[in-house]
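Student: Listed below are the residues making up each chain.
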Amino acid sequence: MILRILDVAIAGLMLGGIYALIAVGLSLQYGVARVLNIAHGEFIMLGAFISWSLYTIFGINPLVSLAICGPLVFIIGFILYRTLFTSLRNSSASPTAFEGKSLLASFGLLFIIQNVAILIWGADIKGYSYLAFPVSFGGAKFAANRLVTLGFAIIIGLVFYLFLARTRLGKAIRAAAQDPSAAGLMGVNINQVLALCFGFGALMAGLGGTLISMSYQIQPTMGLEYTVIALIVIVLGGLGSIPGSFIGGFLLGLVGSIVTYIQPGLSLVAYYVIFMLLLVAKPTGILGK
Amino acid sequence: MGIVRVISKRSFVLELSLLILILLATSPLYAPPYTVILLTSIFMYVIITVSWTMFSGPTGYISLASAAFFGVGIYTSAILGKALPLPLVICMGGLVSFCLALLVGALTLRLRGIYFVMFTFGLVELLLHFILWWEVNITGTTGRVVPTVSNTTVYYLMLIIFVILMLTAYLIRHSKYGLALQSIGQEEDAAAHTGVNVTMVKVMTFAISAFFMGAAGAIMATRWTYIDPRIAFNPLISFLPVLMAIFGGMGQLCGPIIGAAIFTYLEEFLITRFPYYYMLIFGIIMVVAILYMPDGLVGLIQKMWKRYSERKHVDT
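Which chain is which? The protein sequence lines are A and B, in order. Here this note's numbering is used: the first residue of the first sequence is 739, the next is one more, and so on. Here this note's numbering is used: the first residue of the second sequence is 1153, the next is one more, and so on.
By construction, these hints were calculated from the structure, which means they are not laboratory data. All C-beta atoms, glycine included, are put in the ideal place defined by N, C-alpha and C. Hints are not guaranteed to be accurate.
[Said to hold, decoys possible] The following label-pair restraints were derived from C-beta to C-beta distances:
| id | chain 1 | residue 1 | chain 2 | residue 2 | range |
| --- | --- | --- | --- | --- | --- |
| 1 | A | Val-873 | B | Ile-1290 | 36 to 44 Å |
| 2 | A | Lys-864 | B | Pro-1184 | 27 to 35 Å |
| 3 | B | Pro-1237 | A | Met-1014 | 34 to 42 Å |
| 4 | B | Ile-1436 | A | Ser-919 | 29 to 37 Å |
| 5 | B | Tyr-1182 | A | Leu-1015 | 54 to 62 Å |
| 6 | A | Thr-821 | B | Pro-1184 | 54 to 62 Å |
| 7 | B | Ile-1290 | A | Met-924 | 20 to 28 Å |
| 8 | A | Leu-1015 | B | Leu-1254 | 38 to 46 Å |
| 9 | A | Pro-1002 | B | Thr-1346 | 49 to 57 Å |
| 10 | B | Asn-1289 | A | Phe-871 | 31 to 39 Å |
| 11 | B | Asn-1349 | A | Ser-919 | 31 to 39 Å |
| 12 | B | Ile-1436 | A | Met-924 | 33 to 41 Å |
[Unchecked claim] Covered stretches of chain A, as calculated for chain B (at least 3 residues, CB under 8 Å):
| id | segment |
| --- | --- |
| 13 | 829–841 |
| 14 | 962–976 |
| 15 | 1002–1010 |
The shape of chain B in the complex, shown without the other chains (with noise of 0.2 Å):
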């Protein structure tokens, strides 16, 4: 009884999602153009903090990268955007990203985990610095134009991006690599002992996530038309993701997602309004969620429909 109880919820969680998907690819037809631009939000700050959780979440080492990953995409994007076809040009913002997230992988990821950590909060302020200078003392340019497209064609890229990481993140938690990253969080020397090639599933997981994050910044910056280094490496792109993370709970593929759209919803609604009172609010927001909600708010669903189901079972 308890397989066919498995399969039938994981084939109801199937259509599900192929129902909401559907409603999504469909919606520029029938839904204003305001809320497109706002889902195209929302698949941003969800496609960052996927990524950053199929990495962060099992591993246990928390990157602070994200903004750069996702900044290189959009100077990606403002170089290449003229000179190729935008398809292309995503793809190319992913690849350098990938490529960076492999160097700073390589050079931080085999030493403690907290190398890690301080080497990629930084990464953002120096390559926000370095990009400055080449720009006021080699190219003698501050900011660029990207080619812009239509809301719709960045709404329906920014999809298909979203529907390719979740299958990738699908895959990589439904596989041995999955299962990999989980055993070097819980103890990384254990599983260095059981056989896994540690530093090398750390880091190709770490480069897969950032080549996500710097699609989707290659996308972005053509809706944004103008861009500089304070605007394509902006801090809060690496913060915002951990926030939307934990909030969301990090032990399902749909936590994050949860915790991304509450959030892009909370920012559009609170920022023209409150803009410090709003970032004041999140940080309480982090503070709380990981005192009281260690396991985020689907967690606390998850654990308040067991006592609920519980309960029924003794009345019954």
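Only chain A is shown next, with the shape it has when bound in the complex (with noise of 0.2 Å):
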């Protein structure tokens, strides 16, 4: 019994390591930058399939394509950001006509980067076998990569939580967070600043696409799921509170892996179910102001 609950609870825990780091960077996305970004799971799904192709091809280590993936995904949502997303917080009249327009952006952005997918990769599920021997963990057993995809979430998220606490960018994006206008009245280079967080944004999605290769099926139209998820997840752990996002994605792994325990193929069911709930009692989350 003992080993069965370790079992479901770390299983839980992994999942969670995932959910959280992609719900991190959406949190992000529309906390500070304000996109509430539809096209989130599309940039997970560009990690997956680039370390996919890293890893077939040039025969690259998962973990080494983290460094790749990571900056090249951070570029293709701090450039998005300055072009598109920056025209258009120019030409909206408030800050609610922003949120707007830029959620229906991301939207044709969902369209396009998943059929350039679709093109360079073909619309087939894919999967590679990396690390996938079992190792035993208090007598119950895991794939290794499973393991490391949580270590790494747990490290991710820890450096990304010290570079907002700690660092002089991070205050700035914190302020940002808080007031933008006010922010860009005290010094803070707001577009920039904004950019850089819809960069960031995409940067954890893209480290946790390369994560989701390592144990995970992939496929071009996998983003959408991973989409739903971490928008619940933002919602679980407080709209705009990153810490609340991290926890949350634990929270809501765990249950996912229970309930799949106990029936399997209904997890998103529960997880909508929580989401319900939330609305009803509580729909400022856990952590929310």
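Dock chain to chain to rebuild the complex, using the hints, since each chain is given by itself in its own frame.
Tutor: Rendered as structure tokens:
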């Protein structure tokens, strides 16, 4: 019995690690850059497919591709914000108008990125095996790649938290999250900071994608499901709260693992029930203001 | 003089739409069968797009749940199709969607708009996964067969729904509810303070728009004959109306119709030849439309027309 509980709990944490990572990315994009990025999952998919290509064509270790995918996806995100979203921001009358327009634009991006990926990689399901041997952990057995995934998710999360809390740029990002125009008046280069945030959000998605590709099968249309999960997590954690998203990710992962243990196939439905209950009882989430 | 011009313009629009309607109603008599099928597809997207715009246009709340309501209509038709006569099935499809929209609206529409977007975005995936699970584990089936009717019947039913929808949309637009909806879109707090029952207006309009999507789904199911959850709850049905409405322009009633008609024709034309390029092109058009055509095609034409007639004024 205890073994079984441990089994489910650790599986949940592993799933939660990935959820936390992608949700922090989305939280950064929505909470600071004010873009509810419906194409978030597409950046995850890009990360996953770039890693897949690097591994199957060049034999590059997926852990090394973290260092390649991350910056690559970051640059895509940064450029997108500097061009597309900045011009939308300048042409919008109010922050709410920008939110609506940027949401719709990210929608267009979803179509574009997904179909470019299908043109490059084809529409089939892909996967590779890396570190797939079992590791015994307190009596329960797990694939090594999932443990590595969990470890990296936690490390990336912590590094990013320290970056936000301890560096000058992190401070500027937190200021921009609270009040973009006031931060601008205090000498923060606001366009630069918002673009960086969007880029960092994409970076998290890209890293999440690489980690996902190590243990799950991937396909160009996989993004939508991850976007839905990331949205639920950021509401669970409290809209705009980055630590909340991190904790919420692990919580949702645990829920997913428990539900999958009881009734496979219903995890997404369970997430949705939680989402509904949250909206009724506490729409601000666990760490929301 | 101004009044006379306005009146004559309005009666001109009325005459024109009556003429188009008569042409459409008689088209199965002289048009080739393929045209009728194409027109049915166009009507399907027009109905979804116009009903999407009815709620999301004035209020600015972006609903991504169209596929959910459409799919619910399809499933209602599949379940009740053998038991009830077709007009009743269509009404039921609409009603079930209506109720679902009431529930979703009541849950999310009293909160900030962004919760609504998030919730509706995932609703399609939720229903898809739930029904998949249900069919595999409870009923032990995948997919259902829907009783079919002739293409002409489907066409006329779609036409009837379209006419009712246009009348409803017109009435809502020109009533105090339409004004209330627009005030919600411009400044929700101010609308609430002037005595608009904000939540009620939003939820009801959302549910009415869902009714038409469900009814359209119930009709289309009879054309597809075989359905399964992945066909019924296709997320594209949520995304395309947004694209079509933005492209056509949401300021006028005819904007979404024009957008939907153009895109459905493009889809028919391109999808068999370049399926992926076609979606890619859609994405690019969407981004470009948001950046450079904030009022859509109709808005653009109006602007150009105005500039043209002003220039003519200057010349004389």
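Student: Against each hint, give a clear statement of whether it holds in the structure.
Tutor: Structure-based check of each hint:
In this structure the supplied range 36 to 44 Å holds for Val-873/A paired with Ile-1290/B, their Cβ-Cβ distance being about 37 Å. For the pair Lys-864/A and Pro-1184/B, the supplied restraint of 27 to 35 Å is violated, since their beta-carbon distance comes to about 43 Å. Checking the proposed 34 to 42 Å range against Pro-1237/B and Met-1014/A shows it holds: the Cβ atoms sit about 35 Å from each other. Here the CB-CB span from Ile-1436/B to Ser-919/A is close to 32 Å, well matched to the stated 29 to 37 Å.
Between Tyr-1182/B and Leu-1015/A the C-beta distance comes to about 57 Å, which sits within the given range of 54 to 62 Å. Between Thr-821/A and Pro-1184/B, the C-beta spacing of about 46 Å breaks the proposed range 54 to 62 Å. In this structure the supplied range 20 to 28 Å is violated for Ile-1290/B paired with Met-924/A, their Cβ-Cβ distance being about 59 Å. At roughly 18 Å, the beta-carbon separation of Leu-1015/A and Leu-1254/B lies outside the given 38 to 46 Å, and the hint is violated.
Between Pro-1002/A and Thr-1346/B the beta carbon distance is about 52 Å. The supplied range of 49 to 57 Å therefore holds. Range check, Asn-1289/B to Phe-871/A: Cβ separation about 33 Å, and the 31 to 39 Å hint holds. For the pair Asn-1349/B and Ser-919/A, the supplied restraint of 31 to 39 Å holds, since their beta-carbon distance comes to about 33 Å. The beta-carbon spacing between Ile-1436/B and Met-924/A, approximately 38 Å, falls within the hinted interval of 33 to 41 Å.
Counting residues of the segment 829–841 of chain A whose beta carbon lies closer than 8 Å to any beta carbon of chain B gives 6, which meets the minimum of three for the stated coverage. Here the segment 962–976 of chain A counts 7 residues with a CB under 8 Å from a CB of chain B, which clears the bar of 3, and the coverage holds. Beta-carbon proximity to chain B at under 8 Å applies to 5 residues in the segment 1002–1010 of chain A; the threshold of 3 is reached and the given coverage holds.
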